[in-house]
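These protein sequence lines are chains A and B, in that order.
Counted the way this note's numbering counts, the first sequence spans residues 1331 to 1531.
Counted the way this note's numbering counts, the second sequence spans residues 1018 to 1495.
Warning: the hint list may mix true and false statements.
[What the hints assert, rightly or not] Here are the simulated lysine-lysine pairs, DSSO-like style, with alpha carbons at most 30 Å apart: (1) Lys1392(A) x Lys1500(A); (2) Lys1362(A) x Lys1492(A); (3) Lys1126(B) x Lys1392(A); (4) Lys1475(A) x Lys1041(B); (5) Lys1054(B) x Lys1475(A); (6) Lys1475(A) x Lys1370(A); (7) Lys1321(B) x Lys1475(A); (8) Lys1126(B) x Lys1321(B); (9) Lys1362(A) x Lys1041(B); (10) Lys1126(B) x Lys1382(B); (11) Lys1475(A) x Lys1382(B); (12) Lys1499(A) x Lys1041(B); (13) Lys1392(A) x Lys1427(A); (14) Lys1492(A) x Lys1475(A); (15) Lys1362(A) x Lys1500(A).
To be clear, the hints were calculated from the coordinates, so they are not data collected in a lab.
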Amino acid sequence: MAQVDKDTEDNTPALLLAEYGSPGELLHAAEKFRDAGYTKFDTHSPFPIHGMDAAMGLPDSKLGLIVFPIGLTGTTLAFLMMWWMNGVDYPLVIGGKPPYSLPSQIPVMFELTILFSAFATVFGMLHLNRLPRHHHPLFNSERFKGFSDDKFFLSVESSDPKWDLERTKKLLESTHPTHIELVYDDDEGGADFEPSPQGGH
Amino acid sequence: MSTWNLPIKELGETPLVGEGVTFKSISETVCRVTENKAPRGWWVAFLLSVTFTGVLGLSVGYLFWTGVGVWGNNAPVYWAWDITNFVWWIGIGHAGTLISAVLFLFRQKWRTAINRFSEAMTIFAVICALIFPGIHVGRAWYAYYMFPVPNEMALWPNFKSPLIWDVFAVSTYFTVSLLFWYVGLIPDFATLRDRARNKWRRIIYGFLALGWRGANRHWQNYERAYLILAALSTPLVLSVHSVVSFDFATSLMPGWHTTIFPPYFVAGAVFSGFGMVMTLMLLTRAVYGMRSLVLMKHLELMNKIMLVTGSLVGYAYGMELFIAWYSGNEYEWFIFRNRVAGPYAWAYWTMISCNVLSPQVFWFKRFRTSIPVMFVVSILINIGMWFERFVIIVTSLHRDFVPSSWGYFRPTLVDIFTYLGTLGLFFTAFLLFIRWVPMIAIAEVKGVMPEADPHLNHGGHHEGEHGAKHAPATAEAE
Chain A
1331 MAQVDKDTED
1341 NTPALLLAEY
1351 GSPGELLHAA
1361 EKFRDAGYTK
1371 FDTHSPFPIH
1381 GMDAAMGLPD
1391 SKLGLIVFPI
1401 GLTGTTLAFL
1411 MMWWMNGVDY
1421 PLVIGGKPPY
1431 SLPSQIPVMF
1441 ELTILFSAFA
1451 TVFGMLHLNR
1461 LPRHHHPLFN
1471 SERFKGFSDD
1481 KFFLSVESSD
1491 PKWDLERTKK
1501 LLESTHPTHI
1511 ELVYDDDEGG
1521 ADFEPSPQGG
1531 H
Chain B
1018 MSTWNLPIKE
1028 LGETPLVGEG
1038 VTFKSISETV
1048 CRVTENKAPR
1058 GWWVAFLLSV
1068 TFTGVLGLSV
1078 GYLFWTGVGV
1088 WGNNAPVYWA
1098 WDITNFVWWI
1108 GIGHAGTLIS
1118 AVLFLFRQKW
1128 RTAINRFSEA
1138 MTIFAVICAL
1148 IFPGIHVGRA
1158 WYAYYMFPVP
1168 NEMALWPNFK
1178 SPLIWDVFAV
1188 STYFTVSLLF
1198 WYVGLIPDFA
1208 TLRDRARNKW
1218 RRIIYGFLAL
1228 GWRGANRHWQ
1238 NYERAYLILA
1248 ALSTPLVLSV
1258 HSVVSFDFAT
1268 SLMPGWHTTI
1278 FPPYFVAGAV
1288 FSGFGMVMTL
1298 MLLTRAVYGM
1308 RSLVLMKHLE
1318 LMNKIMLVTG
1328 SLVGYAYGME
1338 LFIAWYSGNE
1348 YEWFIFRNRV
1358 AGPYAWAYWT
1368 MISCNVLSPQ
1378 VFWFKRFRTS
1388 IPVMFVVSIL
1398 INIGMWFERF
1408 VIIVTSLHRD
1418 FVPSSWGYFR
1428 PTLVDIFTYL
1438 GTLGLFFTAF
1448 LLFIRWVPMI
1458 AIAEVKGVMP
1468 EADPHLNHGG
1478 HHEGEHGAKH
1488 APATAEAE
């Protein structure tokens, strides 16, 4: 794979990454980027921070819209399955009960609703988050590893319409991060497991 | 301004972690268990558990080879230890979902210290439970008849039977618990990945973490998924043991045919689950030094839940007895008199003393906060809840309507080895979990710390009111 020379001045980084020491500082930095009109920025924290969705100006999660119709599909499929199997294809008369009776189908309809909804929830969440994604420019930063421990980060993608290396950097500096870093995309799927050439300071 | 996870001093609340605990120390305390060498005790326990898992394999193999006659089941006691063990294990599984889902919906933040642990327990307990219905059918290779898959007789399951509802309820419960557990683990696998010091750990935990990067755009959907899963699991967990109780309640057996069964079974399930969580939690907490994360406060709250559910179970026992007399049904009344004073009275009174009497010590704070007392009581609860199922199943069956078909059940060695074998399987899985998976939900515990509140140091005009730092660290010490 072609090795891009990452040290040349004119090469655009994939992201600008700023590090903060506390959730509160990160929240205020996110508010600044929201107010400046940035859309392709994100915050990274070891746990979800209360109020961050509003600080970033995010709309509500769409997950419920995925789960609800799939849950209803589960209910319907359960009903159709039992109606066809016990009522149409092979009617069983047991204990003098009618071959098909709705009340006795409720438990299985309920269980399949839950089962379908749970799958929709988990896979819908992964789909909305575009996960799994094992290769991401952020993983080229050594410092970024601290996000899952006790560090807080804000990343701005260079594909943001408001992106301007100097001005974005200045805005980041005005939020008093403890560290700012340019992160490059290495275009190599496996490189995340090698010591990063420009990682660590 | 929000102070959503600062302890409310006016209510006497204290932080949910011990003194001096930081974000970093949480990662360190939890992750080092999987990173350091296993202590010698772990190996001893593991080898012992694996041995018993082998015993399970042998017992089940012998059962398949010879037939269900190797068990003590007889006419009229067609169900005995097999179903007793099934119900016991399923019940133990209920604490995990109660803690992860019901307490989540009620915003009980203290659950974060124990939820991972008990969710894992749920999954392993349900695996142990699922073995029994599979092997008790006699010809286990026909167990797939329970599922709506085409078979050579072109026959479909009878969906009017509670036994089929049970198949759906328990397998849904297992699947949803597993999904819930894994979703909770994703951020913690990322922590293990980022701490990894060798290539294999980085690859395996990296794979499991799915490339998690703690992005708020992800947390948003993640938290919503967690909420939906909790909302789905809450009715699910109530339904599972209700459906298990339908296996009995919808039959026409005196002693089984009672409407109190669903709530009574659910209360008993939560009760026994907390008993098992407590037993294992006390051991693990001591061995792995988790005292700063699992505080006496958490244990005390669990003891209160056990007191409540134990008393609910006691109420159900009393009500069952009362209704048996009040109904005027002579078969029902006979079965209950037989339970209390018949050949199995020893089992009935073991059940009463373990389940109803022993948790009553938790009315007193002194016992509620005493480790030895709660350990002993939790073991008694495990024993008592096993006897509850034994009493329900065997005493209702052994004296059938016609005295000529009365009998007495005695377990055989194979019964005993199968049961001990499932304990071996449970502990094998549990020890592997402790060894390789973060046993406390790292991200969730961090999230309920006072320091996680974004307004902690930036409250502006609220700063004076609530203090710049969290309430004086008064977390109870042992």
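30 Å Cα cutoff - pair Lys1492(A), Lys1475(A):
This hinted pair holds, its Cα atoms lying about 27 Å apart.
Holds or violated: Lys1126(B) with Lys1321(B), Cα cutoff 30 Å?
It holds: about 16 Å lies between the C-alpha atoms, which stays within 30 Å.
Mind checking the alpha carbons of Lys1054(B) and Lys1475(A) for me, to see if they're no more than 30 Å apart?
24 Å, holds
Between the alpha carbons of Lys1392(A) and Lys1427(A), is the straight-line distance 30 Å or under?
Violated. Lys1392(A) to Lys1427(A) sits at ~44 Å, over the 30 Å cutoff.
Would the hint linking Lys1362(A) and Lys1500(A) be met if the CA-CA limit is 30 Å?
The given pair, whose Cα atoms are some 12 Å apart, holds under the 30 Å limit.
When you check the alpha-carbon spacing of Lys1362(A) and Lys1041(B), does it fall within 30 Å?
28 Å, holds
Given hint Lys1370(A) paired with Lys1475(A) - CA-CA distance at most 30 Å:
Satisfied, since the Cα-Cα distance of roughly 21 Å is no more than 30 Å.
Restraint check for Lys1475(A) with Lys1382(B), where alpha carbons must lie at most 30 Å apart:
44 Å, violated
Holds or violated: Lys1126(B) and Lys1392(A), Cα atoms, limit 30 Å.
Answer holds: Lys1126(B) to Lys1392(A) is near 26 Å, not above 30 Å.
Keeping to a limit of 30 Å between CA atoms, is the pair of Lys1126(B) and Lys1382(B) held or broken?
21 Å, holds
Are the Cα atoms of Lys1392(A) and Lys1500(A) separated by 30 Å or less?
Outside the cut-off at roughly 34 Å; violated.
Pair hint outcome, Lys1475(A) versus Lys1041(B) [Cα-Cα no greater than 30 Å]
13 Å, holds
Hints 1, 7, 11, 13, counting from the list given before, are not met by this structure.
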